[in-house]
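*Asks:* Chains as they are written, first to last, in the working numbering: chain B, 1 to 89; chain S, 1 to 413.
In short, the hints are calculated from the structure, not lab data. This one's a predicted model, so the numbers in the text were calculated from it and none came from an experiment. Take the hints with a grain of salt, since some may be wrong.
[Said to hold, decoys possible] Anything over 10 Å on all C-beta distances counts as not near chain S; from chain B, calculated:
{"#": "1", "residue": "A5"}
{"#": "2", "residue": "I23"}
{"#": "3", "residue": "S70"}
{"#": "4", "residue": "L78"}
{"#": "5", "residue": "G84"}
[As the list claims (entries may be wrong)] Straight-line Cα separation of at most 25 Å, PhoX-like style, residue types lysine-lysine; simulated pairs:
{"#": "6", "chain 1": "S", "residue 1": "K73", "chain 2": "B", "residue 2": "K13"}
{"#": "7", "chain 1": "S", "residue 1": "K135", "chain 2": "B", "residue 2": "K13"}
{"#": "8", "chain 1": "S", "residue 1": "K70", "chain 2": "B", "residue 2": "K13"}
{"#": "9", "chain 1": "B", "residue 1": "K14", "chain 2": "S", "residue 2": "K73"}
{"#": "10", "chain 1": "B", "residue 1": "K14", "chain 2": "S", "residue 2": "K135"}
{"#": "11", "chain 1": "B", "residue 1": "K14", "chain 2": "S", "residue 2": "K70"}
{"#": "12", "chain 1": "S", "residue 1": "K135", "chain 2": "B", "residue 2": "K7"}
[What the hints assert, rightly or not] Listed below are several chain S residues computed to face chain B (Cβ distance under 10 Å; list not exhaustive):
{"#": "13", "residue": "K73"}
{"#": "14", "residue": "P139"}
{"#": "15", "residue": "L140"}
Backbone N, C-alpha and C define an ideal beta-carbon position, used for all residues, glycine too.
Here's the letter readout for the chains.
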Amino acid sequence: MDEVASKIIEILKKHMKEPRDDIGPSTALTDLKIESLDLAMIVFDIEDSFGIEIPYNANEEAADFKTVGSVVDRVRSLIAQTAGAPAKA
Amino acid sequence: MTGSGGLRRVVVTGLGAVTPIGNTVPEFWAALRRAQVGVGPLSIPLEDLKIQIAAEVKDFDARGRLKDFKRDKVVPFADRYALFAAAAAGEAVTMSGLQTPFQDPYRAACIIGSGGAGLVAVEDAYRDLFIKKRKATNPLTLIRIIGSSAAAHVGIEFGVKGPVFATCSACSTAAHAIGIGRDFIRHGLVDVAITGAAEAVITYGTMRAWQAMHVLSPQGIFPFAKKRNGTVLGEGAGILVLESLAHAKARGATILAELVGFGMTADSKDMVNPDTEGPTEAMRIALDDAELAPSDIDYLNAHGTATAINDINETEAIKKVFGAHANKLAISSTKSMHGHPLGAGGGIEAVACIKAMRENWVPPTAGLDEPGEGCDLDYVPNVGREQRVTYTMSNSFAFGGLNAVLIFGPPPV
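With the hints as extra help, turn the sequences into a complete structure.
*Replies:* In structure tokens:
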């Protein structure tokens, strides 16, 4: 696992009531018993850690957030986009 | 178990407090006994604050205090004010001996207000956005800010499914919550109510707002004294568990007091300057409601904020209501010790009133060396007093001219 993945798993564990050690890319978020506000906290922490913004609406089913791996992929692409974007004045 | 008009009698079976001079009821009462003053230098960053004192709650360990709560999320989800409310409500419910979650949850109410609600969360969020330039506020910010969050947290914890909401009337918030809770029980809507208020206003932004009003004292809070020059902000929570007399008796509860009278009025005049008529009528209505004569009241816990105008205005109002008995009445402002906890004041002071009745001891007005002009009643200066205390009155008079008065009596025999 690369740094992005391990950092995200670390964040997930921080917000779980009973953190597990068997979380991998294929783990479904629904298996982690994450409630809606926990997800908001997780998104907040990920944004803060990677300096990105994750477009997400708690009212919608988020396809990007089905598995741990899908979150990692999304974050990776957002990091790439942010890095490639022209620097703001 | 009904009074006149077939209305149900309402008793107090639990008390809870978090105050700048004690984080539980026994600690608070012991501090009042010692005339301990909870005012000190501010612990928040002082920056350019002109007023550098407050009565802060000290060493409040939310996690330790709420360790028996079933929901581990209360602490991260709650603003400081709601944590005070939860701690005080936990103490009050434990004291009441009520089984929770309530067996008949729709017959229970939870009415816990706040004057300012989640101001600590507001300040944290704004500092993140405006100073630290963070991209977002903490996602729990909104949940922490909302003014009904204390009532909701406590209601969820104890399984209350009847009326759950907050009151908001500045310094009368707790008294309104307690009075409304009593009326819900009195009229048969519910059998049990967790009532009161909490406040946590000691932030840089709030201090600046108060500073701009020029009503805070840079030295201390000296109600009814010649040297008084403003109030001192406090914080905390005061919670009562109320029950119908029948409900309390049926379960063999220890009844601490009866809530016999409630009066509320509004001056309908000015946002900041109090009038004598509104407070006078609130006290009269409460006495009528209690079916008591003014001379029945032994101890009056005054609003007593130590502003120039409140103390003289309240003294005038007391004279109008009590006539000759005004000179025999033991009056004190416990704000001289716990500071002015705004909305929570009426709850904390109700606890003081009930303890005064239980122990036949009247708390003093600390720091009263020389009375101010026109402040010529018996304010129990500096040293508390052993005396028979059968009926007590608690005054709350708020900005906006919003007045609420509670009267407590002995447990019905």
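*Asks:* Please go over all the hints and tell whether each is borne out by the structure.
*Replies:* Each hint, compared with the structure:
Even its closest Cβ contact with chain S, about 22 Å, leaves A5(B) beyond 10 Å, as expected for a residue assigned away from the interface. Separation of I23(B) from chain S is adequate, the least Cβ-Cβ distance of about 21 Å exceeding the 10 Å criterion. In this structure S70(B) is separated from chain S by more than 10 Å, as the shortest Cβ-Cβ distance comes to about 20 Å. Every CB of chain S is more than 10 Å from the CB of L78(B) (nearest about 12 Å), matching its label as outside the interface.
No beta-carbon of chain S comes within 10 Å of the beta-carbon of G84(B); the shortest separation is about 18 Å. Taken as a hint, the K73(S) and K13(B) pair is honoured in the structure, with Cα atoms around 16 Å apart against an allowance of 25 Å. Our distance criterion of 25 Å between C-alpha atoms is met by K135(S) and K13(B), whose separation comes to about 23 Å. The suggested pairing of K70(S) with K13(B) holds, with an alpha-carbon distance near 21 Å, which does not exceed 25 Å.
Under the criterion of a C-alpha separation no larger than 25 Å, the hint pairing K14(B) with K73(S) is consistent with the structure, at around 13 Å. Restraint check for K14(B) and K135(S): the C-alpha separation of about 21 Å stays at or below 25 Å, so the hint holds. With a CA separation close to 20 Å, the supplied pair K14(B) and K70(S) stays within the 25 Å bound. For a cut-off of 25 Å, the pair hint linking K135(S) to K7(B) stands: about 19 Å separates their Cα positions.
Annotation: K73(S) was flagged as interfacial toward chain B, and the flag holds, the nearest CB pair being 8 Å apart, inside 10 Å. Given the 10 Å rule on beta carbons, the hint for P139(S) holds: about 4 Å separates it from the nearest Cβ of chain B. Contact between L140(S) and chain B, as hinted, is supported at the beta carbon level, the nearest pair being about 7 Å apart and thus within 10 Å.
Violated hints are absent here; each numbered hint is respected by the structure.
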